[in-house]
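Undergrad: Chain by chain, the residues:
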Amino acid sequence: MKNAAQSIDHQVMWNRLLAVVEEQGQALIRTAFSPIVRECGDISAGIFDEQGRMLAQAVTGTPGHINTMAEAVKSLISIFPVKTMQSGDVYVTNDPWLASGHLNDFLLLQPVFLDNKVVGLTSCTSHLVDLGGQGMGPEGSDIFDEGLLVPPCKLVDRGEVNQLLLSLIKANSREPVANEGDLYALISCCEVGAVRLEEMMREFGISDLGPLTEAIIATSRKGAVAAITEVPNGVYENALTIDGYEFEIELKARMTVSDEEILLDFSGSSGCSKYGINVPLNYATAYSVFAVRCLVGPEVPNNAGSLEPFRVIAPEGCIVNAQRPAPVAMRHTIGQLMPDLVLGCLHQAMPEKVPAEGASCMYDLPMRNVPNLAPGATPFAIELAHNGGTGARPMKDGLSATAYPSGVWGSQVEVTENTVPVLIRRRELRPGSGGAGKYRGGLGQIIEVESSENQPFLLFLSLERMKHPAQGRDGGGAGAAGRVAFQSGKSLPGKGEAEIPGNERLCFETPGGGGMGHPFARDPQQVALDVRRGLVSPENARRQYGVVLSQAGIIDSEGTSVLRGSC
Amino acid sequence: MLESNSRNNKKKARLAVDIGGTFTDVALELPGTATTFVTAKTPTTPRNPVEGAMQGVRLALEQSGISPAQVSSFIHGTTLATNALIEKKGATVGVIATQGFRDILEIAYERRYNQYDILLDKPDMLVPRERCLTVPERMLASGEVLEPLEESGIDELLAKFDALEVNSLAVGLLHSYANPAHEQRLAELISAKRPGWFVSLSSEVSPEAREYDRLCTTVANAYVQPLMATYLREFANALAEEGFDCPLYAITSGGGMTTFETAIRFPIRLVESGPSGGAVLAAKVAEQCGLECVVSFDMGGTTAKVCLIDDGLPQTSRHFEVARAERFLKGSGLPVRIPVIEMIGLDRLGRITVGPESAGSEPGPACFGRGGERATVTDADVTLGYIVPDAFAEGRLCVDVNAAEMAVSRDVGQPMQLEAKEAAQGVSQIVDENMASAGRVHAVECGKSLNARTMIAFGGNGPLHATRIAEKMGVSRIVIPPDPGVGSAIGFLAAPVSYELVRSHYTTLRNFDFVGVNGLLRRMSEDATKIVERGANGQRLNEVRTAFIRYKGQGHEIEVPLPARDLTENDLPQLVADHETAYRAQFHRSVPEMVIEVMSWSLTVSTEVQPVPPILRTTATETVTSHQLREVYFGSQGGRRQASVFFRKDLVPGNRVEGPALIVEAQTTALVAPDFEAEVDGGGNLFLLKTSA
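Chains as they are written, first to last, in numbering that gives the first Met the number 0: chain A, 0 to 566; chain B, 0 to 692.
It should be emphasised that the hints constitute simulated quantities derived from the structure, not laboratory data.
Even glycine gets a Cβ: it sits at the ideal position worked out from N, Cα and C.
Treat each hint with caution, since some may be false.
Said to hold, decoys possible - Pairwise CB distance ranges, derived in the manner of DEER restraints:
1. A:L167 x B:R184: 51 to 61 Å
2. A:L457 x B:H555: 20 to 30 Å
3. A:L528 x B:D244: 50 to 60 Å
4. A:L457 x B:D161: 47 to 57 Å
5. A:L528 x B:R193: 21 to 31 Å
Could you build the full structure based on these sequences and the hints that come with them?
TA: In structure tokens:
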């Protein structure tokens, strides 16, 4: 019965670790200065054993850090061996190929000591506002153009913050104060995790995490493999054509499902762009594995065991395995489309479970004042983030104006208008944008923005699905493509920088999600409800769905069967 | 002398009624005392809760020989508003928003609450798109009018609501917290044109920036208002018919009392009033016993609540969201709620899971033999021997020990290859760990720690789980007050008449807007005082002010206390210092030389709480023993032990009981773990103390 007691202790400690990483995550979000962190939860926190095996990772807003953090910690401890670490040390890097795909993401690592011995590690990642260079935008021609790269080094030495490093990071940023605040937030986040881990080990009277690690990893690996067993073995291929920047990009995936493993191979995908939309493989992997895990064993928490059976490979130099010194600042633009690519493979294996394509790439809208600010005008910089519709799900409509795969939170209008000189004149669902289908794609939204001081301002775009909308599945229609335009009519391209005149209003229309199944199979009552709610027009009810409605919105059954029957 | 005393006492009895999901608790405070109660517990009558409540009221009056006319105040707490939200049984609400912002509710934060669940539905926002309409108008963040309210379309708008059979409106216009003029004008127009309709204005219900949060709260208010208005009026009538002529109060989630009249305007403030009664009780017990730092633990049949109380003040947690319904409760939450009636089982990984599945008292645990088959936490407690079958719930419920053991064995034991008691012990550990974790997270949120606190445990299940949860929290002393089973109702009797207001007004400390802020706080003070005076009966009033402060650029604020007067330049250094201290306590490090900004201000006016006379901790002199023994299982380390069984009514001040023991009373049982001992103090409180051995 000793084993039973131990097994229950392990379960209790596992629950505790999951609670601790969530607590770390909350602490980071609450103390962060970077809007993308505090409003969008673009962070990660994890606990590792002293060999660098990940035991628990916070489930937060964005999946961009799933297993990138696990790999990063291994890289760091190969550079700084655990036995050389001292109590109160904290290590840092923002190297995109080690941390999380672009310079803004800083990763910290702190050893946890128990009775003068390193027993584990805590790590966290968060997005800093600005690292100099060209800033957040795809215009850099290489990584050196994109700003300051901090190689792996010590940020805190036995409790003392490295002031030289801090001032270097501040001196190379347009937002030095926010950067400093965010670094402090990251340090506290590591410290919270370290304190809690030590407390837990004392409470349960254990001096090393070994047996707990083995238990967590073995249980999780078994759970992940059991889920993979339910996916029919085979090789499934898919391709996705996307807008790109200077040329259209072809993304290719080949998914091999075997008894104990899912292997994703991105061979055949286009080569790198000369703009910063390239993706390091760690980041492409994060989003790809995330999407597969949404359908294959989602209840198994992320850790070294559950992630092991999912492998990703891609030839060096293709756009999803960009090599130094390729520019990568906007790696999320394509990274967030990886789920649509790999779910296209998975759909062939389990057609009844996989949703249609969605807007996927978030509409991240960085705006700031022009450099030659008029006297009296307020300087500002803000990054609004909004989403389109998700793809229709098996048996359910897609979600409107909802983040997937990212978990980015849309900003609240009143908060935006309280902090910067812009006015949001409209933020509403975009009627008719959801792909038609037995199950309808989610709707995009319409957002209209103008300067509240009639001043010109700059806008930096790196958007997708403006030329290639989200496709439906099994006879479902495509969602509407995204659109950015002046109210006066002129459309803007999806990528690059634009100056918005002071008297113009900018209109963003985020893309809709794809539909699922033939629209004629949709319940006419649902179509009538969509019309009543203003989500689908009466013309489209007739044209796309074959449903005829009276002026008052009542279904004309005869007219409907005539239309539907004739198809 | 005698005569004048009885004249004074004539109007001194106070009556509290707490209507919960299963039971209605009544506590009557007898004239001339503040510690002697007559209590009654009657089944809640869900179809007309007034019925069950009046039954309990009559029962308590009969037992005490007090007439309705002798009752000087009536205090009521109810979960009716909460249940209406959870069970979706409210009004047909319509929303009026600013043109261009029809979809505030559906767009929300554009976020899925579970990252991995592809099939999830967004929370039901109670008002579908066809009932969300807009009017042309626009305020700026500064409160200036950008576009005036266009009134010409109002008839057409109301006609649309007519067709949709709407009878309660939630009005949420952009920046109305900064200037409510357009919302107020709409209310005027609507009440003139549709006199019978309920109208909730976001600028009154929750005047804070963040349109989605404000509108949600306003919608929730509009959703429960018709129901609560009818209910409270019916209750008032029934009381009047019975012969009560005293003021009637409702308990708010902030732990204060407010008049029925205010409760009818802002019923959202009543949501979760049951738990707050418990926090008030705990604060009072803490004061009696001279305890500065306590954690209250109130575990009932359907939820458990944890609340930290320092120097008699319960910590409010404005943003902590754990339950579905609490999404609506920003600014109103007091303790943390944790669902309790939970099914246990194993997940795909073979881990024990405890989750709220088919929560509610039907069909309930397997051991009650009322159709429940799946193992529950209560079944685990029964299997471990913690519950004395014939004494449970005053013998009203039959406890089938075999059924409990079978269920635990089948759902957890066999799959894990554990015998029933081992499995039950595992379940217990996981449940207690979950509760302790929730408590820890709550503590972090408040910037406090749990160890070194005394736990005050009550509620139907609190005394049973207290020692084990206390150990996980690092707590070594527990107080169980008298009548723990009706703790909330007793807490109501100690609540002040109070009212809290929160308003947004932006300023930085560097360029502090003294005129704007002082003006705002003065207006808030006047408004809150006016509301409290209506129920205060001339008692002295206290005022507490708080600022919600953050470093410029952050998205979350922390609370910093303010003096209850106009602010001057001289107050700023203290504000900066207080913010730094609070920040460091919560997040370990403050950020040097950062600009500090204030987003919102809160102000609470309340009647002064009468100081509670301290109770002397009589040192226990007499160790008592019991002949009644019961086998209890304490896990593989603790093993099987014979626990002495006591009845609480037999224990007197000065008695000491050594663990392991079970102390049984009418509505609950206290478990004294083997490494604890129990003492009864002069006020009848039960102290459970960890023994150093």
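Undergrad: Please go over all the hints and tell whether each is borne out by the structure.
TA: Results for each hint:
{"no.": "1", "hint": "A:L167 x B:R184: 51 to 61 Å", "result": "holds (56 Å)"}
{"no.": "2", "hint": "A:L457 x B:H555: 20 to 30 Å", "result": "holds (29 Å)"}
{"no.": "3", "hint": "A:L528 x B:D244: 50 to 60 Å", "result": "holds (52 Å)"}
{"no.": "4", "hint": "A:L457 x B:D161: 47 to 57 Å", "result": "holds (48 Å)"}
{"no.": "5", "hint": "A:L528 x B:R193: 21 to 31 Å", "result": "holds (26 Å)"}
When the structure is compared with the earlier hints, no violation turns up for any of them.
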